[in-house]
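Chemist: Below are the chains, spelled out letter by letter.
Protein chains: 2
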Amino acid sequence: MTTKEKAALGKRAAEASLGLGSAVKDAAIEAFAGGLRSGAAQVFEANEADLAEAERGGLSAPLLKRLRFDAPKLEDSVAGLAALRALPDPVGRILSARKLDEGLELRQVSCPIGLIAMIFESRPDALVQMSALAAKSGNAVILKGGREAARTNRALAGIIYPAGLAAGLPEHWLTLLESREEVAELLGLDEYVDLIVPRGSKEFVASIKARSRIPVMGHADGICHVYVHEDAEAAMAARLAVDSKAQNPATCNAAEVLLVHSGFARRPVPEAGGEPGIRFLADSLEAAGVRLELCPRSAELLGREASMGEGDWAVEYLDLRMAVKLVDSLDEAIAHVNRFGSKHTDCIVASSARAARRFMDEVDSAGVYWNASTRFADGYRYGLGAEVGISTGKLHARGPVGLGGLCTYKWKLEGSGQIVADYASGARHFKHEELSHGEREEE
Amino acid sequence: MTTKEKAALGKRAAEASLGLGSAVKDAAIEAFAGGLRSGAAQVFEANEADLAEAERGGLSAPLLKRLRFDAPKLEDSVAGLAALRALPDPVGRILSARKLDEGLELRQVSCPIGLIAMIFESRPDALVQMSALAAKSGNAVILKGGREAARTNRALAGIIYPAGLAAGLPEHWLTLLESREEVAELLGLDEYVDLIVPRGSKEFVASIKARSRIPVMGHADGICHVYVHEDAEAAMAARLAVDSKAQNPATCNAAEVLLVHSGFARRPVPEAGGEPGIRFLADSLEAAGVRLELCPRSAELLGREASMGEGDWAVEYLDLRMAVKLVDSLDEAIAHVNRFGSKHTDCIVASSARAARRFMDEVDSAGVYWNASTRFADGYRYGLGAEVGISTGKLHARGPVGLGGLCTYKWKLEGSGQIVADYASGARHFKHEELSHGEREEE
Chain A
1 MTTKEKAALG KRAAEASLGL GSAVKDAAIE AFAGGLRSGA AQVFEANEAD
51 LAEAERGGLS APLLKRLRFD APKLEDSVAG LAALRALPDP VGRILSARKL
101 DEGLELRQVS CPIGLIAMIF ESRPDALVQM SALAAKSGNA VILKGGREAA
151 RTNRALAGII YPAGLAAGLP EHWLTLLESR EEVAELLGLD EYVDLIVPRG
201 SKEFVASIKA RSRIPVMGHA DGICHVYVHE DAEAAMAARL AVDSKAQNPA
251 TCNAAEVLLV HSGFARRPVP EAGGEPGIRF LADSLEAAGV RLELCPRSAE
301 LLGREASMGE GDWAVEYLDL RMAVKLVDSL DEAIAHVNRF GSKHTDCIVA
351 SSARAARRFM DEVDSAGVYW NASTRFADGY RYGLGAEVGI STGKLHARGP
401 VGLGGLCTYK WKLEGSGQIV ADYASGARHF KHEELSHGER EEE
Chain B
1 MTTKEKAALG KRAAEASLGL GSAVKDAAIE AFAGGLRSGA AQVFEANEAD
51 LAEAERGGLS APLLKRLRFD APKLEDSVAG LAALRALPDP VGRILSARKL
101 DEGLELRQVS CPIGLIAMIF ESRPDALVQM SALAAKSGNA VILKGGREAA
151 RTNRALAGII YPAGLAAGLP EHWLTLLESR EEVAELLGLD EYVDLIVPRG
201 SKEFVASIKA RSRIPVMGHA DGICHVYVHE DAEAAMAARL AVDSKAQNPA
251 TCNAAEVLLV HSGFARRPVP EAGGEPGIRF LADSLEAAGV RLELCPRSAE
301 LLGREASMGE GDWAVEYLDL RMAVKLVDSL DEAIAHVNRF GSKHTDCIVA
351 SSARAARRFM DEVDSAGVYW NASTRFADGY RYGLGAEVGI STGKLHARGP
401 VGLGGLCTYK WKLEGSGQIV ADYASGARHF KHEELSHGER EEE
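If you read the protein sequences in the order shown, they are chains A and B. Residues in the first sequence are numbered consecutively from 1, following our numbering. Residues in the second sequence are numbered consecutively from 1, following our numbering.
Among these hints, one or two may not hold up.
Not everything, but these chain A residues come out facing chain B in the computed CB check (under 8 Å) [unchecked claim]:
#1 Leu18
#2 Arg98
#3 Leu104
#4 Gly114
#5 Leu240
#6 Asp243
#7 Met360
#8 Val368
#9 Gly383
#10 Tyr409
Using 27 Å as the maximum straight-line C-alpha spacing, the simulated BS3-like pairs for lysine-lysine come out as follows [said to hold, decoys possible]:
#11 B:Lys6 x A:Lys209
#12 B:Lys209 x A:Lys209
#13 A:Lys99 x A:Lys431
#14 A:Lys4 x B:Lys209
#15 B:Lys65 x B:Lys202
#16 A:Lys4 x A:Lys209
#17 B:Lys73 x B:Lys202
#18 B:Lys4 x A:Lys209
#19 B:Lys209 x A:Lys6
#20 B:Lys431 x B:Lys99
#21 A:Lys73 x A:Lys202
Hints in this document: simulated from the structure, not taken from any laboratory. A virtual CB, placed ideally from N, CA and C, is assigned to each residue, including glycine.
Excised from the complex, chain A in its bound form:
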């Protein structure tokens, strides 16, 4: 079957999914878990074969670890399925409701997007999560996993797809692609595919974005900032800088750049024996193993060599390195973040609510934080339940994206024979009364 034919069948499945009730979707997710447990041996066997080949091919230890799908990973996946099943159905939520006139009621109701392509790198447990997110949100899905995990992915999809069918999901609700050529072709099929969700390295996401005309939801860069305002509490500033950088430096929500107000930088910190703020911050970060890349002015204050010029501050280290820059005002900090940041997540450490509010309003990022670590930018920590990924695009969904980001809405109008001619002629007039909303439609 060609990729185009597969996509056309996927689109038909998406249409057939539009009317699925919560019970069918939750039964499907339960069936995935049952299928995984009873088919575990096949999955482990396929995974052993993938691992053996990857080892022969010299895959690095961290990548081998990500590739492994063993009993603990299976239990994690099953627990994730149970948590997802427990979340409220994202479809059928009444987002707004208005009585246009007597017997003419308009409701804006959440509904599935349609056919979503999810493309991810080596972790096979992502296949379980992606399939379940698609099922719960009523979307059909085309999945493409990493080549190293081909056997594991085939075994997983071989369990999950029929389990979903048996529970009542439509034929072709899940399609597994296996080759890069198929993905390349898929990126051009905007007639069938409504959305692409790539998960992987920034180079991977950027290459998908560059090649597709279909909307892509993801993030390419994570250039997050911590800005220490003039009136910041020093101990809090150091704690937040260290956590934002060092708690897990390889993640997209780890901070890469520390902006320090020159007033804070010079002010003595009593609890640190009166040493200046910039030294206190530098000591704290270095004690956590962070190597600093200094701008000329911060270097001068610390009596060291500068390694950052006035040039490009769009740096994403993804390891224990952090760039440090002195700024002379809140305005300069905001302008720097908007110019060099990646619109992901940025934090101000400040005592002044007024300064914090300006930073939060005027920094143009998906997450704007006051006195909290940038590492909180995550769907689980936000309380969204399962996370699709993080979006640095501005349209549709922004920041950590939960099930809601896999839904759109439609306008449902229920009348009793009303015609526009009567309103155009003035025979009838719109009432436009707001109705209560927020609840779900009855099934």
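Given the coordinates of chain A, work out where chain B should sit on it, guided by the hints.
Modeler: Chain B only, in chain A's frame:
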């Protein structure tokens, strides 16, 4: 100045607009109205010159009418500004709120998108409306109007831009482009432009979509359906078919295709002397001046010639013509709409709530109606206030788009020094308590 430089300045203006309060934005809209009144003579003079040239160039009477900007049009524009000013500020709405832990509160807050390019055809009053929509939603805007209206647009922008500046909008909040070459260049500037909103013919919108990598919000086709179910009330079906087609056939929400259940088509209509349903519908439409294009089965029932084959039903007449097709089931009707429709607005006429619900759930369109004319698909009729346009895309905004569609959201997290390490270690646990929301942030 190059288009790229203009876009870069527009982007800077968008950043400077992020912190604007409601008072400044509403004062700007009031200043536009005052400026239009006091500068009316210049605008009329410019418009006379545009009209004279268009007349010499042989522009058709309907287009000349759209091009005219005279005292009544000015009063309409001023009234539109007053209505827009009275709407609530779409920015700063708290869409969701959650206490992650004591002293750690997360709010999802609506905010402007950034720099929006609005490209429209000949109507110069669109410039007033677009500028005001941008100002109210806190976005910077790049406008390009029709060539025929160049002098009028220049005069209008020459009033509105400085009026906005004087009220407190940032420099370059509005940029007027004048040439097609500039628009072509603009479509590639995804680094600066967040969204393109085209308004005009479907060919116009399709050509913008085909040439741009920037997200485009608009609709290309309006292929709307009225489906008359087996149990429809005949008088209501005829009334809705006539209004959906004939109330204003040149609009995108006018219906193009009438699907008739074969049971309804054959059933005698008592109030029409027992003539069959299909004849009753045909008579009603023809009495309203509609020419019918019949499928073979409906033609046979009516004893006429068929003009529609089994082929392409994706027809958009935009005049007093309507295609008619017999179907044998609700499923067939839904499948037909999903296959040939344009995901705009589709209506079922039915007595059965069950059939209506299935149609509304399973038809994959921005608007799904039960017993109401498709012509209701309009921002004003929906009670959205001013309308940006109608979107047939599925992401971000769908159907009639009001000020809300010119906004996105950001996540604002306010803490008191919390770090992720404490939650990762188990020293602290998330509470994830929902907080009340729906209101606006304090300014």
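Chemist: Tell me, in ascending order, the numbers of any earlier hints that this structure violates.
Modeler: none
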